[in-house]
Amino acid sequence: MTPAPADPLDDAVLAARLFVLAPSTFKGMVLRGSSPAREALVAALPLRRLPGDVDDERLLGGIDLAASLSAGRPVRQTGLIEEARGGALIAGMAERMDAGVAGRLAQALDEGGTALLLLDDAAEPEEAPPASLTERLAFLCDLSASRRWQGVELAPAAGRLADVAPLAENDLRALAATAEALGVENLRALIFAGEAARKPPRMPRPRQKPSRRDKSTASWSTYPPAPAPRVPRSPPLWVGASSPCPAPMRECSSRRSTRCNPQRGPHERA
Amino acid sequence: MARFPFSAIVGQDEMKQALLIAAVDPSIGGVMVFGDRGTGKSTAARALASLLPPIMAAEGCPYGASREDQARYPGVCGTGKMVKRPVPFVDMPLGATEDRVIGSLDLERALRSGEKAFEPGLLAKAHRGFLYIDEINLLEDHLVDLLLDVAASGENVVEREGLSVRHPARFVLIGSGNPEEGELRPQLLDRFGLSVEVRTPKDIDTRIAIMKLVAENEADPEGFAGRWAGEDEAILKRVAKGKAKLPKLTPGEDVLRDAAELCLAVGADGLRGELTLMRAARALAALEGAKKVTRKHLIEIAPSALRHRLRRDVLDETGSTTRITRAIAELFG
Numbered sequence: 000m001t002p003a004p005a006d007p008l009d010d011a012v013l014a015a016r017l018f019v020l021a022p023s024t025f026k027g028m029v030l031r032g033s034s035p036a037r038e039a040l041v042a043a044l045p046l047r048r049l050p051g052d053v054d055d056e057r058l059l060g061g062i063d064l065a066a067s068l069s070a071g072r073p074v075r076q077t078g079l080i081e082e083a084r085g086g087a088l089i090a091g092m093a094e095r096m097d098a099g100v101a102g103r104l105a106q107a108l109d110e111g112g113t114a115l116l117l118l119d120d121a122a123e124p125e126e127a128p129p130a131s132l133t134e135r136l137a138f139l140c141d142l143s144a145s146r147r148w149q150g151v152e153l154a155p156a157a158g159r160l161a162d163v164a165p166l167a168e169n170d171l172r173a174l175a176a177t178a179e180a181l182g183v184e185n186l187r188a189l190i191f192a193g194e195a196a197r198k199p200p201r202m203p204r205p206r207q208k209p210s211r212r213d214k215s216t217a218s219w220s221t222y223p224p225a226p227a228p229r230v231p232r233s234p235p236l237w238v239g240a241s242s243p244c245p246a247p248m249r250e251c252s253s254r255r256s257t258r259c260n261p262q263r264g265p266h267e268r269a
Numbered sequence: 000m001a002r003f004p005f006s007a008i009v010g011q012d013e014m015k016q017a018l019l020i021a022a023v024d025p026s027i028g029g030v031m032v033f034g035d036r037g038t039g040k041s042t043a044a045r046a047l048a049s050l051l052p053p054i055m056a057a058e059g060c061p062y063g064a065s066r067e068d069q070a071r072y073p074g075v076c077g078t079g080k081m082v083k084r085p086v087p088f089v090d091m092p093l094g095a096t097e098d099r100v101i102g103s104l105d106l107e108r109a110l111r112s113g114e115k116a117f118e119p120g121l122l123a124k125a126h127r128g129f130l131y132i133d134e135i136n137l138l139e140d141h142l143v144d145l146l147l148d149v150a151a152s153g154e155n156v157v158e159r160e161g162l163s164v165r166h167p168a169r170f171v172l173i174g175s176g177n178p179e180e181g182e183l184r185p186q187l188l189d190r191f192g193l194s195v196e197v198r199t200p201k202d203i204d205t206r207i208a209i210m211k212l213v214a215e216n217e218a219d220p221e222g223f224a225g226r227w228a229g230e231d232e233a234i235l236k237r238v239a240k241g242k243a244k245l246p247k248l249t250p251g252e253d254v255l256r257d258a259a260e261l262c263l264a265v266g267a268d269g270l271r272g273e274l275t276l277m278r279a280a281r282a283l284a285a286l287e288g289a290k291k292v293t294r295k296h297l298i299e300i301a302p303s304a305l306r307h308r309l310r311r312d313v314l315d316e317t318g319s320t321t322r323i324t325r326a327i328a329e330l331f332g
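If you're matching them up, the sequences are chains A and B in order. First residue of the first sequence: 0, per numbering that gives the first Met the number 0; consecutive thereafter. First residue of the second sequence: 0, per numbering that gives the first Met the number 0; consecutive thereafter.
This is chain A alone, in the form it adopts within the complex:
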């Protein structure tokens, strides 16, 4: 009997476990495609919702007008970014996000302490969450083809990323070479891959050194679905993000690509 084929949700769960382990390192995830699997995954993560029409006062903090008027003195309120520090914010319909909100979030991501989940429901090829955010997040998971809708369990994070030794020179070289072969130029993606390799997922206890499998896991989970390698003017890449099931990544994950959606990579522009 052949084993059941891999579902994109498995990869997303793995990415989510890495993310929960070190939110400040991986910065967040982009979850593409509205599906029951995505809802199940989101439900399993501790998140704070960020409405699309959030204003500066609520996002960054400022004066609470009503409280100030009733108290007769200025009352400050903290913003969502501050309130969610150490946790993560989630934005639905991220492909419609205002550039101004995205800019402030990108700054918060750079400053550290903030993590972000973007739900991408883009239907048209030209729709996409703001690139200023997606390139700063480590993982991209496309769940639109997932056939599952339950069984998402995120065990509490065991161990710390810092307990696993960083990659050795030859491992870094292998990751960099893989990136080159895939046409991934962005350095953030490379750095995310190096970090992802440090936490062996599905591991009962963190090991001292990343294994061979950890390294291949890292490369499929953080390198974006690239166009044919070395295309001179490549379409925008999913920089710093990954697709668990990207057609152009057969080198890394042939087993996983068997169930790939044959459509174009997310957000490639013609």
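Mixed in with the good hints there might be a few duds.
Okay, the calculated bits of chain B under chain A, using three or more residues with CB under 8 angstroms as the criterion [stated by the list, open to error]:
1. 97-111
2. 160-174
3. 199-209
Reference excerpt, derived from the structure (chain A facing chain B, CB under 8 angstroms, subset only) [unchecked claim]:
4. T24
5. V41
6. I62
7. S69
8. P73
9. G99
10. R187
11. L189
Across the chosen pairs, the derived CB separations fall in these ranges [stated by the list, open to error]:
12. S163(B) / A65(A): 24 to 34 angstroms
13. S23(A) / T205(B): 23 to 33 angstroms
14. R66(B) / E126(A): 48 to 58 angstroms
15. D97(A) / G113(B): 27 to 37 angstroms
16. P155(A) / G77(B): 50 to 60 angstroms
17. K80(B) / E38(A): 52 to 62 angstroms
18. T249(B) / E126(A): 54 to 64 angstroms
19. P185(B) / L153(A): 50 to 60 angstroms
20. P124(A) / G181(B): 17 to 27 angstroms
21. R146(A) / R2(B): 40 to 50 angstroms
22. L68(A) / D219(B): 44 to 54 angstroms
23. P155(A) / H141(B): 44 to 54 angstroms
24. K80(B) / L153(A): 49 to 59 angstroms
Since the hints were made in silico from the structure, they are not lab data. Small disclaimer: the values here were computed from a predicted structure and weren't measured. Heads up, the beta-carbon is just placed ideally off N, CA and C, and yes, glycines get one too.
Fit chain B to the supplied structure of chain A, relying on the hints for placement.
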């Protein structure tokens, strides 16, 4: 949180050089950085700001006023005593509103005492420091106009919401953008002193070196900063020496002639190109501790000073750079 040290940034020499030149001579008029995402543009700008020695500024002054500012803007900058504070670095968020940038009515004061007061914006915060704008090509045109105007005049004039305020706002403007994602109007580009190109390093060894440094920094930011403190200190000394040397350097007749010839040959519009080229060559000479400004300095800085001013294909940078190097080869051999 410790910032990534300037000296630990791998490669990107043209960008680092342009930033140091702007630090030596802020009158050059800002740096525009074209290039790919994730290449350390904002890291470099931040690192430079934190490397520079602290400034003396009036205590509690929202403008970080110097003694001269206090004399020039008596009503605005107050008379507070001088204390040390770090060189300001303002990272302007994409989609910042005009209110946030230039300042607005102070709601807090209005509520508390019914007083009409001015709440300074990002321009005030950036005074005497750096204003960094990521993806400047996506910024609304009227804001870019306003920023360049303030950067050129060194003063922010607010006449709105019943306010009438004038405050100092001298800063080095650093813009970044990807020309493939929208163009900047040539008039605006021309206002930037220098423009540089950054590309993602393609060489595997460089990429590995960067990954290692980032991981090291992530694991122990304080220790990492400590290990690079010596090299940062050396850069700081170079900048300080360059600043002191700058007024003593005057480009000779021969260098001015070279500059004019080069600008004519490449078709750089306007006098601003020549002026910037001359100033940048002088700042470079000062930074290198040279005795005088020579043709070598001019040639070295010419691509940065001119590539965004060529008449056609302003944003076709490879084309512009090639045109400049060709003209240099033809003129100076």
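Exercise for review: Could you say whether the range 27 to 37 angstroms given as a hint is met by the Cβ separation of D97(A) and G113(B)?
Suggested key: 34 angstroms, holds
Review point. Honestly, do R66(B) and E126(A) meet the 48 to 58 angstroms range at C-beta?
Key: For E126(A) against R66(B), whose Cβ atoms are near 54 angstroms apart, the range 48 to 58 angstroms holds.
Point to revise | Assessment of proposed distance window 49 to 59 angstroms (beta carbons of K80(B), L153(A)) | key: 55 angstroms, holds
Review point. Has the segment 199-209 of chain B got at least three residues whose CB is nearer than 8 angstroms to a CB belonging to chain A?
Key: Our answer is that it holds, as 7 residues pass the Cβ test (under 8 angstroms) against chain A, meeting three.
Exercise for review: Using Cβ atoms only, decide whether T24(A) comes closer than 8 angstroms to chain B, and label the hint accordingly.
Suggested key: 7 angstroms, holds
Review point. In this structure, is the beta-carbon distance linking P124(A) and G181(B) contained in 17 to 27 angstroms?
Key: Check passed, 19 angstroms falls within 17 to 27 angstroms.
Check your understanding: Are T249(B) and E126(A) spaced within 54 to 64 angstroms by their CB atoms?
Key -> For E126(A) against T249(B), whose Cβ atoms are near 57 angstroms apart, the range 54 to 64 angstroms holds.
Practice item. With respect to the beta-carbon atoms only, verify the hint that K80(B) and E38(A) lie 52 to 62 angstroms apart. Key: 59 angstroms, holds
Point to revise | Beta-carbon spacing of P185(B) to L153(A) - inside the hinted bounds 50 to 60 angstroms or not | key: 53 angstroms, holds
Point to revise | Within 8 angstroms of chain A (C-beta), three or more residues of the segment 97-111 of chain B | key: holds (count 5)
Point to revise | Interface hint outcome for G99(A) [beta carbon to chain B under 8 angstroms] | key: Holds - the Cβ of G99(A) comes within 8 angstroms of chain B, reaching about 2 angstroms at its closest.
Practice item. Would you settle whether the hint for L189(A) is holds or violated, based on the nearest Cβ-Cβ distance to chain B being less than 8 angstroms? Key: 6 angstroms, holds
When each numbered hint is compared with the structure, violations occur for hints 2, 5 and 7.
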